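K.L.:
Sequence:
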Amino acid sequence: MDDSSDAGQNFAQIFVKLFIEEDTMPAKVKSLEFLLIYAESLEDSLPFSTRYFGFEKQFEIAQDGSVYGSIGEVGIWIGPGHKKSEPEGADKICRTKAMLGIESAQSLFVEFQKDGVPVLQEEPIEMQPGVFWFQFLDPSGNILEVLGA
389 MDDSSDAGQN
399 FAQIFVKLFI
409 EEDTMPAKVK
419 SLEFLLIYAE
429 SLEDSLPFST
439 RYFGFEKQFE
449 IAQDGSVYGS
459 IGEVGIWIGP
469 GHKKSEPEGA
479 DKICRTKAML
489 GIESAQSLFV
499 EFQKDGVPVL
509 QEEPIEMQPG
519 VFWFQFLDPS
529 GNILEVLGA
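Per our numbering: the sequence shown = residues 389 to 537.
Keep in mind that the hints were calculated from the coordinates and are not lab data.
None of these values were measured; they are calculated from a predicted model.
Cβ coordinates follow ideal geometry from the N, Cα and C atoms, glycine included.
Just so you know, not all the hints are guaranteed correct.
[Stated by the list, open to error] Derived pair list, reagent style EDC-like, types lysine to aspartate or glutamate, alpha-carbon separation capped at 16 angstroms: (1) Lys-445 x Asp-432; (2) Lys-445 x Glu-461; (3) Lys-445 x Glu-431; (4) Lys-485 x Glu-431.
[To be verified] Pair ranges (Cβ atoms, derived): (5) Gln-509 x Gln-446: 29 to 35 angstroms; (6) Gln-516 x Gln-451: 18 to 24 angstroms; (7) Ser-458 x Glu-428: 19 to 25 angstroms; (8) Glu-491 x Gly-463: 16 to 22 angstroms; (9) Met-487 x Phe-447: 21 to 27 angstroms; (10) Gln-494 x Leu-525: 16 to 22 angstroms; (11) Lys-445 x Asp-503: 19 to 25 angstroms; (12) Val-462 x Leu-525: 15 to 21 angstroms; (13) Tyr-456 x Gln-501: 38 to 44 angstroms; (14) Leu-508 x Leu-424: 16 to 22 angstroms; (15) Gln-451 x Gln-494: 16 to 22 angstroms; (16) Ser-458 x Glu-499: 32 to 38 angstroms.
Using the sequences and the hints, build the whole thing.
P.N.:
Dropping the structure here:
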C-alpha cells in the first residue's frame with residue numbers, strides 16, 4: 389500500500405473515532421460500490437477525468453448517455469442529472485464531493501494552476517508530514533478533493 393493510501397486510511401480511522409460512535413450507527417457500510425459524478429457536459433467531464441485521473445470508460449448507458457468506467461480500482465459513473473440545488477439556509481450551492489487518493493497532490497496542484505483548473509485553496513495544505521490536500525472544481529462545478537504527497 390502506498391503512502392497516500394495510508395494517509396487516507398489514517399484520516400478515515402481518525403474521522404470514525406471522532407465523529408461516529410459504533411453503538412449509534414444505523415447501518416454499517418461494508419464497501420464503497422462506486423462514485424457518482426453528475427456532469428453538466430460529458431464532452432467536458434470525460435476528457436477532464438481521463439487526462440488528470442486516468443478514467444477508463446467501460447461502457448455507455450443508452451438511456452441517458454451516461455458512462456461507467458473506473459479510475460484505478462474505483463468504479464465511476466459520470467452522467468447527467470441532479471441539477472445544482474441550494475438547500476434552505478445554505479449560503480453555497482451543494483454539489484458532488486469526493487476525495488481522491490493520488491500520488492502527488494503538489495504536482496497536480498501545479499498542473500491545475502498551469503491549465504486554469506479552479507482550485508479552492510491558495511496552496512496544498514499539509515494534513516500530516518508529507519501528506520497534502522486541496523479542493524478543486526471539475527468542469528461541471530463539482531467540488532472534488534485530492535490527498536497525496
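K.L.:
Decide, hint by hint, whether the structure agrees.
P.N.:
Status of the hints after comparison with the structure:
1. Lys-445 x Asp-432: holds (14 angstroms)
2. Lys-445 x Glu-461: With Cα atoms ~13 angstroms apart, Lys-445 and Glu-461 stay inside 16 angstroms; holds.
3. Lys-445 x Glu-431: holds (13 angstroms)
4. Lys-485 x Glu-431: Roughly 20 angstroms separates the two Cα atoms, so the pair is violated.
5. Gln-509 x Gln-446: 29 to 35 angstroms: holds (33 angstroms)
6. Gln-516 x Gln-451: 18 to 24 angstroms: The hint (18 to 24 angstroms, Cβ to Cβ) is violated, given that Gln-516 and Gln-451 are roughly 43 angstroms apart.
7. Ser-458 x Glu-428: 19 to 25 angstroms: For Ser-458 and Glu-428 the Cβ distance comes to about 22 angstroms; the hint holds.
8. Glu-491 x Gly-463: 16 to 22 angstroms: holds (20 angstroms)
9. Met-487 x Phe-447: 21 to 27 angstroms: Given a distance of about 26 angstroms, which is inside 21 to 27 angstroms, the answer is holds.
10. Gln-494 x Leu-525: 16 to 22 angstroms: Holds, at about 19 angstroms.
11. Lys-445 x Asp-503: 19 to 25 angstroms: For Lys-445 and Asp-503 the Cβ distance comes to about 22 angstroms; the hint holds.
12. Val-462 x Leu-525: 15 to 21 angstroms: Since Val-462 and Leu-525 have Cβ atoms about 20 angstroms apart, the given range 15 to 21 angstroms holds.
13. Tyr-456 x Gln-501: 38 to 44 angstroms: At roughly 31 angstroms between Cβ atoms, Gln-501 and Tyr-456 fall outside 38 to 44 angstroms, so the hint is violated.
14. Leu-508 x Leu-424: 16 to 22 angstroms: holds (21 angstroms)
15. Gln-451 x Gln-494: 16 to 22 angstroms: violated (41 angstroms)
16. Ser-458 x Glu-499: 32 to 38 angstroms: Between Ser-458 and Glu-499, where Cβ atoms are some 22 angstroms apart, the hint is violated.
Of the numbered hints stated above, those contradicted by the structure are hints 4, 6, 13, 15, 16, listed in ascending order.
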